[in-house]
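Peer 1: Residue numbers (this note's numbering), protein chains in the order written: chain A, 438 to 897; chain B, 165 to 558.
Rather than coming from a laboratory, the hints here were simulated on the basis of the structure.
Check the hints yourself; a few may be wrong.
What the hints assert, rightly or not - Examples of chain A residues lying across from chain B (beta carbon under 8 Å, computed):
#1 D442
#2 S479
#3 A497
#4 S498
#5 R524
#6 Q553
#7 M824
#8 K876
#9 Q877
To be verified - Using 25 Å as the maximum straight-line C-alpha spacing, the simulated SDA-like pairs for lysine to any residue come out as follows:
#10 B:K297 / B:E528
#11 A:K490 / B:D308
#12 A:K667 / B:T505
#13 B:K297 / A:V850
#14 A:K526 / A:S513
#15 A:K875 / B:I257
#16 B:K459 / B:G517
#17 A:K490 / B:K178
#18 A:K615 / B:Q364
#19 A:K561 / A:S513
#20 A:K876 / B:S552
#21 A:K875 / A:G695
#22 A:K554 / B:K178
#23 B:K297 / A:G696
#24 A:K876 / B:L473
#25 A:K856 / B:D332
#26 B:K178 / A:I557
#27 B:K173 / B:E553
#28 A:K490 / B:A241
#29 B:K496 / B:G542
#30 A:K875 / B:G542
#31 A:K569 / B:Y429
#32 A:K526 / B:G251
#33 A:K570 / A:I557
#34 A:K876 / B:G256
#35 A:K526 / B:D332
#36 B:K319 / B:F277
#37 B:K231 / B:D308
#38 B:K231 / B:G189
#39 A:K875 / B:E504
#40 A:K843 / A:K561
We put the CB at the ideal spot given by N, CA and C, even for glycine.
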Amino acid sequence: MINKDLNQYSDFFSAYTELRMQENRNNRISMVNGDVMGNSISSSSGVSSRVYKEGNWGFASNPDLSDSAVEYVVQSASDNVRFMNDRNKIQCGFILPDTCGHYEMDLTTQVSRNSQKQWIDFLKDIDSYIQKKYSHLTSRTIVLAGLDMEKSLLTSSGSTSYSMTPRGIMYVSLNMEKNGEPVELMDVFGGLGQLEDHFLDPTQFYSDIDNLADHLSRKADGVYADAGTKDVILDADLAGILAHEAIGHTTEADLVLGGSVAGEYMGRQVSSELVTLIDYANSVDDKTCPVPVYIDDEGTPSEDTVIIKDGELKSFMHNKDSARHFETKPTGNARAYAFSDEPLIRMRNTAIEPGANTLEEMIAAIDDGYYLMKSSNGQADSTSEFMFGVPLGYEIKGGKLGNAIKDTTISGVAFDVLKTIDMISSDMTWSSGGMCGKKQWIPVGMGGPAIKCQVNIGGR
Amino acid sequence: MDDATLGLKFIANKRTCEGSITVSGNHDLDMARGATEIQRMRSEAQEILEDPFLVMPTNAGSSREVKAAASLGFDDAVDALLPAMQGVDLVGIFANGRMYRGNANSRGQHHWFETESHCLDYSLVTSDHQMVKGTYAGTDWDQDAYENYVARSIKKLALLNRKPVRVDPGMYRTWFEAAAVADFLDMFSWNGISEASLQQGCSGFGKMRHNDQRLSPKFTISEDFSSGLVPKFNSNGEIAPESLPIISNGELTNTLVSSRTAAEYGAPTNYAEDGEEMRSPTMNPGDLAHNDILKELEAGLYLSNIHYLNWSDNPGGRITGLTRYACFLVEKGEIVAPIETMRFDDTFYRFFGTELESIGSTAEVIPDVLTYGQRSLGSITCPGILTSEFQLTL
Numbered sequence: 438m439i440n441k442d443l444n445q446y447s448d449f450f451s452a453y454t455e456l457r458m459q460e461n462r463n464n465r466i467s468m469v470n471g472d473v474m475g476n477s478i479s480s481s482s483g484v485s486s487r488v489y490k491e492g493n494w495g496f497a498s499n500p501d502l503s504d505s506a507v508e509y510v511v512q513s514a515s516d517n518v519r520f521m522n523d524r525n526k527i528q529c530g531f532i533l534p535d536t537c538g539h540y541e542m543d544l545t546t547q548v549s550r551n552s553q554k555q556w557i558d559f560l561k562d563i564d565s566y567i568q569k570k571y572s573h574l575t576s577r578t579i580v581l582a583g584l585d586m587e588k589s590l591l592t593s594s595g596s597t598s599y600s601m602t603p604r605g606i607m608y609v610s611l612n613m614e615k616n617g618e619p620v621e622l623m624d625v626f627g628g629l630g631q632l633e634d635h636f637l638d639p640t641q642f643y644s645d646i647d648n649l650a651d652h653l654s655r656k657a658d659g660v661y662a663d664a665g666t667k668d669v670i671l672d673a674d675l676a677g678i679l680a681h682e683a684i685g686h687t688t689e690a691d692l693v694l695g696g697s698v699a700g701e702y703m704g705r706q707v708s709s710e711l712v713t714l715i716d717y718a719n720s721v722d723d724k725t726c727p728v729p730v731y732i733d734d735e736g737t738p739s740e741d742t743v744i745i746k747d748g749e750l751k752s753f754m755h756n757k758d759s760a761r762h763f764e765t766k767p768t769g770n771a772r773a774y775a776f777s778d779e780p781l782i783r784m785r786n787t788a789i790e791p792g793a794n795t796l797e798e799m800i801a802a803i804d805d806g807y808y809l810m811k812s813s814n815g816q817a818d819s820t821s822e823f824m825f826g827v828p829l830g831y832e833i834k835g836g837k838l839g840n841a842i843k844d845t846t847i848s849g850v851a852f853d854v855l856k857t858i859d860m861i862s863s864d865m866t867w868s869s870g871g872m873c874g875k876k877q878w879i880p881v882g883m884g885g886p887a888i889k890c891q892v893n894i895g896g897r
Numbered sequence: 165m166d167d168a169t170l171g172l173k174f175i176a177n178k179r180t181c182e183g184s185i186t187v188s189g190n191h192d193l194d195m196a197r198g199a200t201e202i203q204r205m206r207s208e209a210q211e212i213l214e215d216p217f218l219v220m221p222t223n224a225g226s227s228r229e230v231k232a233a234a235s236l237g238f239d240d241a242v243d244a245l246l247p248a249m250q251g252v253d254l255v256g257i258f259a260n261g262r263m264y265r266g267n268a269n270s271r272g273q274h275h276w277f278e279t280e281s282h283c284l285d286y287s288l289v290t291s292d293h294q295m296v297k298g299t300y301a302g303t304d305w306d307q308d309a310y311e312n313y314v315a316r317s318i319k320k321l322a323l324l325n326r327k328p329v330r331v332d333p334g335m336y337r338t339w340f341e342a343a344a345v346a347d348f349l350d351m352f353s354w355n356g357i358s359e360a361s362l363q364q365g366c367s368g369f370g371k372m373r374h375n376d377q378r379l380s381p382k383f384t385i386s387e388d389f390s391s392g393l394v395p396k397f398n399s400n401g402e403i404a405p406e407s408l409p410i411i412s413n414g415e416l417t418n419t420l421v422s423s424r425t426a427a428e429y430g431a432p433t434n435y436a437e438d439g440e441e442m443r444s445p446t447m448n449p450g451d452l453a454h455n456d457i458l459k460e461l462e463a464g465l466y467l468s469n470i471h472y473l474n475w476s477d478n479p480g481g482r483i484t485g486l487t488r489y490a491c492f493l494v495e496k497g498e499i500v501a502p503i504e505t506m507r508f509d510d511t512f513y514r515f516f517g518t519e520l521e522s523i524g525s526t527a528e529v530i531p532d533v534l535t536y537g538q539r540s541l542g543s544i545t546c547p548g549i550l551t552s553e554f555q556l557t558l
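The following block holds chain A by itself, in its conformation from the complex (with noise of 0.2 Å):
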């Protein structure tokens, strides 16, 4: 537990100062064919600050805690700013935009913690079920990972935060052999809150493991997709991992000022006038997303970045520097995994608004096109450049659900993907499964609606 209340240090502060006090608590535990391979807990603590000056960034970290550390820390990102300012006058005189809020966020679990013993015993549990029912599999991986992260703020413009936001996640690999090729199929459960808040129950997800050794063996009887530029579904999960990174990383404000395409894009029809595509801070229709967010790093209240609104492009995402350099508002994008890490422009819960169709009605809208339904190493460029790997997909054939196809790739360029657009589900799924990397980790939300559109298909 770190200190919530960061304001006995404000006497520190000489100019706009950013203090920061992190724990994250990470466990994770792996088990292989009903042998524990991995079973580990760590935790990551200390105090941060960064200072703003004529323009220029100062910034330490200490991973000590106490009073003495604190003042260290505060002292020297003054020096480095100091350093700065000797040395590059140029922007002299450029002042932020001035924020402040409080919120105080606490998502620890209400339930009882589990000790190791009893993590294992759950996993052992499913594990069980699968080896009992699917004999035939060549191997079953079962990874259960907790994280925690704490976080207490002060700044100098007088914002106070105080967050604990827990994430836990269970993923489920299952692999057999067809004609002697190994079949792979994953899937990730749970997301926003302690693992107690998903994982008590190990028979609540039976059916979920049913419904995945279902597609893996429909895969591994598959067939391959013809390569292509195909009429498509991409469910929740592909739509959201292109609308994460493939746009948004793309309308981030720093990678737009590194010459990201959609730097030139302000403004312009970037896509079908059906898409409305938002970073949500905290929460959709009441719903709190998997990444809430409501007071950034540097103590700016976060707030719903609508990127592009009925196929225009609005708006990229923004910490305090990037609103100054581009004279807007900063977003509260601004977010940093570790104490030792600077905030840096990061999503939060990233997706297309739904539309007003049925999944069952984009389908039917299909004549010789493909479902695809998961996403593995997905990838993207600046210029909104993409691939992402299929591991779970159906031919559509008039209008109808078909085959498995085996593992594919679909490609292309994000905004014109976007042009082709013309159908998008009614309905809403999130994942948060994943870490983006952007030099540092963080955790993000991702999903959305299917939508239907045009994309390029790898063949065999």
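The hints should help you fit chain B onto chain A, whose structure is shown.
Peer 2: Just chain B, lined up with the frame of chain A:
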């Protein structure tokens, strides 16, 4: 920033628990945290399942390796770095300082590794947002060498000011600079030459193991610790051989085998790290002199860097990624123009195998510049390669 982490592994009654804590530098506080952590693991080890592939630590002898360097001082760094960058748009990260790894176990074995290094990872940017990427790294600071390195990047930047051309998807004769080759070799540590990956059927090297497929006889790579840039001991305190051939003249001769994999699959261990990734890969140079590269390439692509690699077909050894940064079209042995970003998709069985025409005569040290959680110690030593064909797809 001064950061330190203490990792603990507690083994009792064939049961294993692991934990780690941040070390604050306050001795009493750190000792108390460590004791609490050990107590937690001691209690937990009474309850959990036995580890069937447990490898007990041993005392195979202790080691101490300390490498000092004449590095740039904090106060001198900015003044040393900036003059060479004048007149260009450069963005980058300079990291400098000492890095430490230590390992001790209750059998009395102690290892200590300490090194000092610098790394400037940067991009030079044109007004059209075209970029030249560079990584200047080493131990002793050499101002002349640094200025020459940046000057070469600036020279390359001038070529990027030419109007970029769009090349069509298809096969191209291609020269890859060492940094691009290092990106390919880095993929060998991900579902690659890990024995566990091979045993579990998820390695791109399955064809070499099971189908007797080979790469080019020109291609040789080993895990080589002789440079002293990374410690020979792994996180379990086991000492790897000074040099371990992995692929010799195109033939898979060894895989990386951790003690745990050895216990599980019966293969002899070579004391790889638990994840069986390469820690100090070194690819042998060939005979293509730097000055002859463009002449030998004649017509095709000159790729300084590739970007964001991924397996598109792991069993087939097929890798996809982007041509990024300073990538050029070459005609008649001359660089004509930069190319627009293209996606490639090809298998290492071709570009390190059937299509590998020649290998550069000079190997470069390409440092690992990742900063997730901490600075990285590793590096890849490799030359550039010339391939007769390489497939661009989009």
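Peer 1: Hints first: check each against the structure and report whether it holds.
Peer 2: Structure-based check of all given hints:
no., hint, in the structure
1, D442, "violated (21 Å)"
2, S479, "holds (4 Å)"
3, A497, "holds (7 Å)"
4, S498, "holds (5 Å)"
5, R524, "holds (5 Å)"
6, Q553, "holds (5 Å)"
7, M824, "holds (6 Å)"
8, K876, "holds (5 Å)"
9, Q877, "holds (7 Å)"
10, B:K297 / B:E528, "holds (15 Å)"
11, A:K490 / B:D308, "violated (33 Å)"
12, A:K667 / B:T505, "holds (23 Å)"
13, B:K297 / A:V850, "holds (23 Å)"
14, A:K526 / A:S513, "holds (20 Å)"
15, A:K875 / B:I257, "holds (14 Å)"
16, B:K459 / B:G517, "holds (22 Å)"
17, A:K490 / B:K178, "violated (56 Å)"
18, A:K615 / B:Q364, "holds (14 Å)"
19, A:K561 / A:S513, "violated (49 Å)"
20, A:K876 / B:S552, "violated (35 Å)"
21, A:K875 / A:G695, "holds (14 Å)"
22, A:K554 / B:K178, "holds (15 Å)"
23, B:K297 / A:G696, "holds (14 Å)"
24, A:K876 / B:L473, "holds (16 Å)"
25, A:K856 / B:D332, "holds (23 Å)"
26, B:K178 / A:I557, "holds (16 Å)"
27, B:K173 / B:E553, "violated (49 Å)"
28, A:K490 / B:A241, "holds (21 Å)"
29, B:K496 / B:G542, "violated (38 Å)"
30, A:K875 / B:G542, "holds (19 Å)"
31, A:K569 / B:Y429, "holds (24 Å)"
32, A:K526 / B:G251, "holds (17 Å)"
33, A:K570 / A:I557, "holds (20 Å)"
34, A:K876 / B:G256, "holds (12 Å)"
35, A:K526 / B:D332, "violated (46 Å)"
36, B:K319 / B:F277, "violated (38 Å)"
37, B:K231 / B:D308, "holds (22 Å)"
38, B:K231 / B:G189, "holds (23 Å)"
39, A:K875 / B:E504, "holds (24 Å)"
40, A:K843 / A:K561, "violated (30 Å)"
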